[in-house]
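Asks: Listed here are the chains, written in short residue letters.
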Amino acid sequence: METILKMRNIRRHYVMPSGTVKALDGIDLEVSEGERIILLGPSGSGKTTLLNCLSALDSPTSGSYSFSGSLVPSNDSEKMTKFRRDNIGYVFQFFNLLQDLTVLENLLLIQELAGSRDEARARELLGLVGLADEIDRFPAEISGGQQQRVAIARSLAKTPRLLLGDELTGNLDSKTSTAVMEVLVKACEAEGITCVFVTHDESLVEFATRVIRIDSGKILSDENVE
Amino acid sequence: MLVLLTKRLARSLLRTKLRLAAVSAMVMVAVFAGISFAAYAHTVSGMYDEIYEDSDQGVNLPDVWVENPSGTWDANMSNMICEEISNEWPDSSLVLNDCEPRLRLDGTMFHSIIEDASESEKLVPAVWHGIDEGRIDRVWIPEHDCCSGRLASSDSEIVIDQRVASGMEIELGDNVSIGAGSGRMSFTVVGIGFQSNHLYFAPEGSLFPAEPGTFATGYLSSSGLERLANISSGSSNIILIDVLGTPDYDIPTTDEDEGTDLSPLVSSIDETISNLEDNPSLVYDRSQVFSVEILRADAEGAMLFYVPVTGMIAAIAGITIFLSLQRLVQSQSREIAILRTLGIPRYAIMPAYFLMPLAIGVIGGALGVILAVTLGVPGMLGFYEEVVGVPIIESTDIFPLTVQILSVTILVVMTSGVLPAIQASRLQPLEIMRGQHEIRISSRRIQALTSRLPATVGLTVRSSIRKPTRLVFTFLAVGLSMLLFGSTLLMMSTMEEITIGSIEEGQNWDVQANVPFGGEGEVIEWAEEKGAEYQKLLIFPVNPVNDSRVITAYGIEEISTGSDSMIVVDLRTGSIPESGKQTSEILIDEGLSHFLGWEVGDTGTLAFGSELKSVDIVGITQGELSRTVYFHRSDLSEVIGIEATSVLINLPEGVEADSELAEVSLGITEKDDLIASYEGMLEQQQSFLGGILLLGIIIAIVVLFNTLLMNLSERDKEIATLRVLGAPIKRLGWMMFGEHLAIGLIGGVLAFFFTLAGTQAMISSFVQWSFFMTVKVDPIVAAQLVGVVVFTSVALTPYGMWRISRMDLVEKVKDLSQ
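For the protein sequence lines, the chains are F and A, in the order given.
Residue numbers for the first sequence follow my numbering, so the first one is 1 and each next one is one higher.
Residue numbers for the second sequence follow my numbering, so the first one is 1 and each next one is one higher.
Since the hints were made in silico from the structure, they are not lab data.
Since no wrong hints were added, every one of them can be taken at face value.
The calculated DMTMM-like cross-link candidates involving lysine to aspartate or glutamate, where the alpha carbons are at most 25 Å apart (straight line), are: (1) K717(A) - D86(F); (2) K186(F) - E119(F); (3) K717(A) - E141(F); (4) K730(A) - D76(F); (5) K122(A) - E211(A); (6) K7(A) - E714(A); (7) K730(A) - D86(F).
Make a model of the complete structure from these sequences and hints.
Replies: What follows is the structure, given as structure tokens:
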């Protein structure tokens, strides 16, 4: 498999009144295309910071991060936004769907903002996550699990190369979590998308191809599970 | 606990310092404007009562006037009229106190001007009164810096109106050269004062005070005026009738007849005069004396408007506070839910939401009182003295007014906390914790309407109307503040149109020379000598039948809507009258149509004294302030037996009106002077109206910014989501621009209609027989109104974009995951 991203000695330090906090402290990471990685770790371990750096929401204090062989922009808000737009899909814990738009329109909006509206693909993705019959409903009219599936479809709507999720099942019960993850895996496999998910939930390991444990800003373990 | 909860809310509010300062400033403005207007209204209202009072200090304003518009009565006739009025006095509760014949004539003041070491003479149109010691309608020389001297006692003395003295720099002891159609004479100034007919110092036919040096009035002894006009001793053209006390009269701005005793008396005197005199005469009460009526209407208007104006600004402040508190409840819902979960009762949550508006009201109110006392009240009274030119002898006690205004304002502002307080107390902790209070289903209808649009546009439209209550209140507040701005703008444009516009476009003459009856020949001779074009003009007062209200009848040589005529009529409907018809064809102004219900095709009857004349109404004109009918001069002349009262002259290049013309005229009006007067007046009002204009815009900006800022901050989560998902700032900026443009356009158009309706209501509440106007909707004004709101709204887009660019997405993602 081809390497999609490569991080070398990534550090992210925050200067606080109480001293410097080393959220990431020399992370080395290589991810191949099609991998599904689960990032596990206790609160404050640095997993969300790593996810932020991966998505170019945050810029590392030092180190290098390349994606598809090119350096990922840092400290330039618009270039970082463009990188996300072109490459990244993001699923939040609380779905964060736009309440004024229907299920279908939530997907179309993302496509329009990325510059390419493709309604057929949006419908296809909603079919893929099992929501073909709910496309004209508003988010408030469907269940939490369904909303998260819409969020997944939305994150895939502009065909990202890397899909990131932060505690994406944290707001769902275990049965719904499993259903959502199954949908996600199915969709990512169908689209050939690489995934990195942050979670506390050890039970999600069964959906991963690789599990990375992190603590105090360092990778403790990195193992393939398939 | 209450203290802690209030402290908590206060700290939250203090975080939005700009908004807090803005609403406090609005309260301040409401109190400031309220007290200033109230002080003005009460002061001028009380002042007129004192000036007109039947006392040693007052001038003893007459109760009934009898006027001879077509000539003068000699001494015998004058005395006979008074005797006959006394003899025929009706069976009434009103008792005749006095009857005094007077002479009042138009004329000219020859005013010397020294410019660049050369002396020139300006011909100033004037009105001269013959007033001896007098028991009725005395000359008013108050004990004030403005005035000095005594009444004219010899036939070479004159009291000059204070505005003339200050405008032309005339002092006691100076000699002035004046005329009244029979050459010129010199008179010594022995007094500087005022007279009830000219307290509001506007030339006849004008709504606005004259510019200094363009109009003169003087009060001579009876013998002095008789000598000036070469008229026999004891002649008069006005009879002043005073009854004991001050009876009520019919106020023109109300529908009811307040003059239940006086109106029958006026009719009875009218009948007496008709039986005595063939020539048409006018009999009327004080409502038909322009100066008296306009000052009453001004005081009444100020009295009527200061409470709504204060209430309006306070309401805008109240709406802004209400919206801010509502937003605060929303943003603090979790805190409130936690407090409620911890056992804080509902009633403990509420008081803080009442106390905050109270605090804002007290702080803003106190600042408003300080500003009003130090600047507003002196400024308003000073403005009045400057524009109207009457000194404020005694101003009203503002303490009770301050208490009244402050109470009303604080009450209005406090009301704004009621709903947020109830909403805060009714929040359900469980729903909040589950986040259910934030879940709402968007409108299916709006979704259907916008479903075919791109999702970005659909979202823009739906976001704009996401909070309909807030939007409605915002539009209401913007509409109210634009009412201040827009009505001022509309009034300014309407006033400019009916003053300068109507003269520039409707009057194609250079000089109007008033002539004594039968004296037009000498003026025409002068015009022919100078090679000037001229037209005779006949202006005569008439009445509707059994109605003492005065209509000015114009007899025009050539009635036309084109610029070829010296007087151009602005025909709203109908056609131009034809001359020489058995029943004269006339045009009436739209005010007359409004008050008498006359329409095109109707046949009306006009009273020329005792003679009634049927007329066919063939058209309705617009743009006249006072009630007007237009005849062909030949038709009108046939009825009243006079050829002309004025001659309109178009001067050839290089020719000017000179003293030769002035000496054979009863006053000369130059068109350029008239325009300069109006321009001067409008300019004088610019700073005052400009202040109101600015105030309206600032309030509208504050209200709109407040709502849009709340909308923006509420959408942080949504925008952060889009940013994380890769939405570029530029694209979000366009969406925001579209939303602000839509809100601006809707708000602007609504504000315009609000303003139009408000201004129309305002104008219709003070229009009356003596001055009627309709709002002219100038498209430029409409565009300005809408433009201001759109611009204000759209101007927030760069701020919104700047806010997005500063958004810490890492922090936002944390929020999104919590």
